[in-house]
Every structure is written in structure tokens, then in C-alpha cells.
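Listed in order, the protein sequences are those of chains A and B. For the first sequence, numbering that gives the first Met the number 0 begins at 0 and goes up steadily by one. For the second sequence, numbering that gives the first Met the number 0 begins at 0 and goes up steadily by one.
Hints in this document: simulated from the structure, not taken from any laboratory. Warning: the hint list may mix true and false statements.
[Said to hold, decoys possible] Sample of chain A residues at the chain B side, in silico, Cβ under 8 Å:
id	residue
1	TRP79
2	PRO82
3	GLU91
4	ARG113
5	PHE127
6	PRO128
7	GLY133
8	GLY135
9	ARG182
[What the hints assert, rightly or not] Each computed DSSO-like pair below joins lysine-lysine, with the alpha-carbon atoms no more than 27 Å apart:
id	chain 1	residue 1	chain 2	residue 2
10	B	LYS53	A	LYS84
11	A	LYS84	A	LYS69
12	B	LYS53	A	LYS114
13	A	LYS114	A	LYS84
Don't be surprised by glycine CBs; every beta carbon is placed ideally from N, CA and C.
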Amino acid sequence: MAHRGRLVAQGVAVGLVALLFLLLVWTLVTEEGGDLAAAAARGERPEAPDFTLERLDREGELTLSTLRGKAVVLNVWASWCLPCKEEAPFLEQVWRENRSRGLVVVGLDSKDFRKDAQRFARRFDLTFPLVYDGPGDVAADRYGVTGFPETFVLDREGMVLEVFVGGVNADEDRARLRAAVDRALAT
Amino acid sequence: MRALVTAFAATCVLAAGAQAAAPPNAADLEAELVCPVCETTLDQSDAPVAQRMKAFIRERIAAGDTEQEIKDALVAEFGSEVLATPPKSGFGLLAWLLPLGALVAGAITVVLVVRRWSGRGGSADPERPLDPDLERRVDEELARFEG
Chain A
0 MAHRGRLVAQ GVAVGLVALL FLLLVWTLVT EEGGDLAAAA ARGERPEAPD FTLERLDREG
60 ELTLSTLRGK AVVLNVWASW CLPCKEEAPF LEQVWRENRS RGLVVVGLDS KDFRKDAQRF
120 ARRFDLTFPL VYDGPGDVAA DRYGVTGFPE TFVLDREGMV LEVFVGGVNA DEDRARLRAA
180 VDRALAT
Chain B
0 MRALVTAFAA TCVLAAGAQA AAPPNAADLE AELVCPVCET TLDQSDAPVA QRMKAFIRER
60 IAAGDTEQEI KDALVAEFGS EVLATPPKSG FGLLAWLLPL GALVAGAITV VLVVRRWSGR
120 GGSADPERPL DPDLERRVDE ELARFEG
């Protein structure tokens, strides 16, 4: 009887360890973020993870996949981030210049207060769609963003063409972003 | 004696009331909330978002919010990860119960092991019959010794 009890206890212990191992494997396999920038740099076109987030610039939500057919510049920012302040007018300019060609700039505000983000948008006269990801579930967990800002250029099929880690503020980075937008619009 | 007990109880009630009415302490809140960027408590962080959160806490204290209201407001912006300790409800309750469960399971295991060990080391039961084979061997040895 005692032997049987010991066997059951051992079985439960082995089962628990196996369960934890499977949980670890599942977490590693389903982790989407982090590799997007590396994959884009290798010339691959990974699919941009979809999301639905509340809008900051108006009522309602925005789902990324509803923008299929348009090129997208997805800019991850926060109101407390200094390089974000520098690049915001440039992104607004890119949006206004290319909107009629089928480009959508989406500002994804993360780890920030809603009111601060809205004040930021008014200050820089941003007119492109803004979404709110306060806890960072989309930016950090799905897109692997570890610093602010980070910008993803997606083609019309929702594939990531290029990733800009840090502010798009140097002339060469701005030229690179414009070139990526042209490529995205050409798809 | 009864008067003494009544006075003590009244003092406790008044003290509890005064504590509930006191405004929350910013330093205490900063030790209980986490910076969402650097993932340390606010009192350990100088990140821009942490500074903004500290300013928010002071604004809300000045506006008369309770500790819970301030925490709720920050959770509404940054999610429950902003709390240094998990909530004592819903899924967060597991984080409180699991260590307690592990402690109880450990204590039960220790008691069972100690009981088993003390049972092994205890004196033999005088009423229990000796193994026949062993008894035969003892008899043979004694006979040889005496012979």
C-alpha cells in the first residue's frame, strides 16, 4: 500500500515537472516579439502581429488587420520619450505627404498615461490614428519593443519590411524611412 | 477591569479610524508600485515614466484620493503588472495561496518523515513473534555456544 502511495507521489511529481517544461516550451514558441527587427534586417518579411486597441484620437478601437491593402508606418512611442518628440513632426509630415497614395501612419502609445498622450498629440498637431497600449502588451510582448521609439514599416499585405529601433531623426534614417514607405506602397 | 477593557477597545477603534482617515503616504505607495519600463519599484527608479507616476501619485494625494483609488487609477492605465504585490482576488490570489499551500505541504511531509524515522528507531514489539528462520539460527548459535 505504502509502495503504491509512493509510486503515485512520484508520478504526480514527474507530471508536474513535465507540465512546467511544456509551459516553458509553449512560452518560448509563442513569443512573437524580438525577432521582427532581426528578420526584417535579414530581408525576410515576417507578418506583423495583429492587434485591436482603443483609440486615443477618437472613440472606438482600431484593428491592424483592417488596414490590409494599405501601407502602414507603425510608430511605438510614449509622451515621456525625448526622441519621440523630435520625430513626431516628421511622421506627421510623412503621413500628410503619402496619405493619398495609400499610407496610414499609426501611433501606438505605450506605457504612458492616456491624458499625457493626448496632450502630446495636440502639442504636435498629430492627425494620424493613435492607439493606446498602456500596459505594453502589444508593443513589448508581440512586437518585442524594448525601448522607445520604435517604428515598423508594413507593406500592403501586413508584412514587416523594415524596423527602425530608436528615433527616426538623423537625415539618413529619415531617407531610409521614406525609401521603405515607397517600397511598401509599391507592393 | 471592565472600564479598562472598554477604554482599550475605544482607543483601538479611534486609532483605526484615524489611520483610515489619514492621507496615503507617497513613499509607501512608491514602494508598492512598479515602474512599467524598468520593472523596479518606483522608489528605486528615476526613469521618465517613473517620475511621471510619482508626480501623479502626489497630485492624487493632494486631490484627496485614497491609496486604493490611486492604485486603481494606475492599474487602469498600466495594467495590474504595476502592482508590486499581486491583488488578493481572482488569479492574483493564487500567488498568495500557493506559497501557503507549499508551506503546509512541507510541514505535513516533515511530520510524516519524522514519524516514520522515529518508528524505525523505536524499541521492538516484545509481543511480536520472532521470524522462525531467525529463531532457529539463534537456537543453533546458542547451542553451539553452550556446547
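Identify whether the interface hint at GLU91 of chain A stands, where standing means a beta carbon of chain B within less than 8 Å of its own. With Cβ-Cβ at 22 Å, over 8 Å, it is violated.
Min Cβ distance, PRO82 of chain A to chain B: is it shorter than 8 Å? With Cβ-Cβ at 12 Å, over 8 Å, it is violated.
Minimum beta-carbon distance criterion (8 Å), PHE127 of chain A to chain B: Violated: closest Cβ of chain B sits about 22 Å from PHE127 of chain A, beyond 8 Å.
Would the pair LYS84 of chain A and LYS69 of chain A pass a check requiring their Cα atoms to be no farther apart than 27 Å? 26 Å, holds
Is the interface hint satisfied for GLY135 of chain A? The criterion is a beta-carbon contact with chain B at less than 8 Å. At 6 Å from the nearest chain B Cβ, GLY135 of chain A passes the 8 Å test, so the hint holds.
Verify the proposed pairing of LYS53 of chain B with LYS84 of chain A, using a straight-line Cα cut of 27 Å. Holds: LYS53 of chain B and LYS84 of chain A sit about 22 Å apart, inside 27 Å.
Regarding the hint that PRO128 of chain A lies at the interface with chain B, is the smallest CB-CB distance below 8 Å? 20 Å, violated
Would the hint linking LYS53 of chain B and LYS114 of chain A be met if the CA-CA limit is 27 Å? 16 Å, holds
Can you verify the interface hint for ARG182 of chain A: is its Cβ closer than 8 Å to any Cβ in chain B? ARG182 of chain A check fails; min Cβ-Cβ to chain B is 32 Å, beyond 8 Å.
Does GLY133 of chain A pass the interface hint, meaning its C-beta sits closer than 8 Å to a C-beta of chain B? 5 Å, holds
Using the nearest Cβ pair, does TRP79 of chain A come within less than 8 Å of chain B? 4 Å, holds
Restraint outcome when ARG113 of chain A is required to lie within 8 Å of chain B by C-beta distance: 7 Å, holds
When held up to the earlier numbered hints, the structure conflicts with 2, 3, 5, 6, 9 and fits the remainder.
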